[in-house]
Structures are given as structure tokens and as C-alpha cells.
Amino acid sequence: MSFRTIGPWVLGLGFMAALLSVMTGARAEDAVINDQTVVHVPAFSDLCDIKPDQHLADNVVFERTATIMETHGKLLSYSTDCAALDRLRNGEGGALDEWALLAVNYQQDGTYMTVPSGMSRADAIAELAGVSESSIQENMEAGRVAFNERVDDALGDLYDGTTLAGVRPLGILEYNDRALYTGALLRLEEPEGTRIVAGVVGITTHKNYFVSLSYYKVYEDDSTIPGLLDVVREEVTEFLDANSSAAAAALIASDATTDGDDSNGTAIVVGLIAGGAAVGGVAVLLFGVLVRRRRGAR
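Sequential numbering of the sequence shown, starting at 211, is according to the working numbering.
Check the hints yourself; a few may be wrong.
To be verified - In silico lysine to any residue, SDA-like type, Cα no more than 25 Å apart, as pairs:
(1) K417 - S327
(2) K261 - D307
(3) K417 - P436
(4) K417 - S330
(5) K417 - G376
Everything labelled a hint here was simulated from the structure, so no lab data went into it.
Could you put together the complete structure from these sequences and hints?
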């Protein structure tokens, strides 16, 4: 399957990628992609993990979403703000303020989406972006729109309600030979009111699997997205370093970063961003169901 045909499927993965967690203990060191491949799961700072095997509340959220998720992809970890998770476990309501996901993608036939044999990580990332590395370099300056201007336009569209499904992509934020980073702003309609959420997804490869690390947070000001990008960069670095091998290291040619433009890569991966917002929305709804059940049982 060509990378350019995976957009709808990745979008489906994003919307369903909620709470499939395989973690136990204070921090799981490993997660299983398949029977042969185990990966180290990075720890997102200041977030807590959903632990379906240790808490009833976590298990309710996990089971509901895992059933929907299973034909689209596998989420290796799901973390959220500790205060919200404490409220859930205590039978209280409330919305998520921030959350993070680590996922591995499936293709439409239910098999893992993989890098073609012999293709380097850098080439796979460039292909995923929908353009060759040379054309990126040639067209970058001419096609770049000031980032703050993009954000301002996106905020205006979201508040006006003129965006499809409440999602406004910001394009490829940057890329290097290790990962591609894309961002978006989203509008969430929740019981507490409308919220704007920012998200950044870093897409990389591990043993020829496509892996995405994403972070979502309520938008506060023009420092929110750069801050998220910094976090995701660090998590991608930790993930790759922790899972490095001689074979994997050979695929990493450089860490030199290049600013990105709004290319086809956004159309391919924005589903991951949109899905991350859906995680927050689904979790809020499920939290509410669980709270009502608990109160009814008292």
C-alpha cells in the first residue's frame, strides 16, 4: 500500500486510538507490538498512565475503546493528566487537560503498516510527507507561511465553526531523518463548554513499523504548540534511543532539522491529531457514564 493511500485508514486509527494500554506498575518499561517485537515505552513527564489491569475505572475506559480500536491499530500506551485520572478513579467527573499516546499503525487489511524492505527511515519519512527530500528543500522557502499566521487563521476558523469536524491542520512543523512532526488545533464540544485543543504528532519508525508519539493539551497561547513540539521531540528521541540497535542506528543518518511546509503529509497524518482530540472527548463521555453508574450504586 502506498503511503499516499493510507490517509483514511490512519484517520480511522486516530479517532479510535484511545485507551489500549499494556502497562503495569508505576511505569511499564516495555510494550509488545507483536510476538517478536517489544519496545520501550517512554515516560511522558507529569502525566499518569491508564492501568486497566489495576483500576476498575481505567478498565471500563480501556475495554470500551479497545473494542472499537482493534481493527485500526494498536495503542501501546495512553497517559493523561494525573488530576483528571484521580477524579475518574474517585468517581468524579471532569475533562482532560492534556494526554499523550504511543501507537503503531495497521493497514486496511489489518496487518501492520511497515516500511518497504531496503528503505531507510529518512526516505520513509520523506515519502510519508508526500514529497521527495529534494523537492522539500527546493520549495520550502517559497511555500512557507509564517507559523503564527497559520495559528491565528486556524483559531479564527475554529471559533467561527467553519472547519470540518472541528479540526484545523497546521501542516508539517518540521522534520528530520528521525521523525516528521505535524500539528493541528481542534475544537472540542464538552459538557463544560467549547475548548480549543492543540496537538503535535511525531511519526517515526521502529524495526520497519510506523510508530506515532502524540501529545495534546488545551490551547493557552502562542507558546502552547512550540512547547508541545519540544516535548514530542524529546519523547521521540527517548523512544528511538531506548529502542536502538546496530540495525536501527544504521538507518539514522542525521538529526539536522528542517522547517516544514503544509504538504501532503498533513493530509496523511492529521487523522492522528484529530483522533487524539477524540480520545479526550471519548474519555469525557466514558468518565461521565462511569460516574453516573457509581453514584447510582450508592
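Structure-based check of each hint:
1. K417 - S327: holds (11 Å)
2. K261 - D307: holds (19 Å)
3. K417 - P436: At roughly 29 Å apart (the allowed maximum being 25 Å), P436 and K417 break the hint.
4. K417 - S330: Given that 25 Å is the threshold and the Cα spacing comes to 11 Å, the pair holds.
5. K417 - G376: violated (35 Å)
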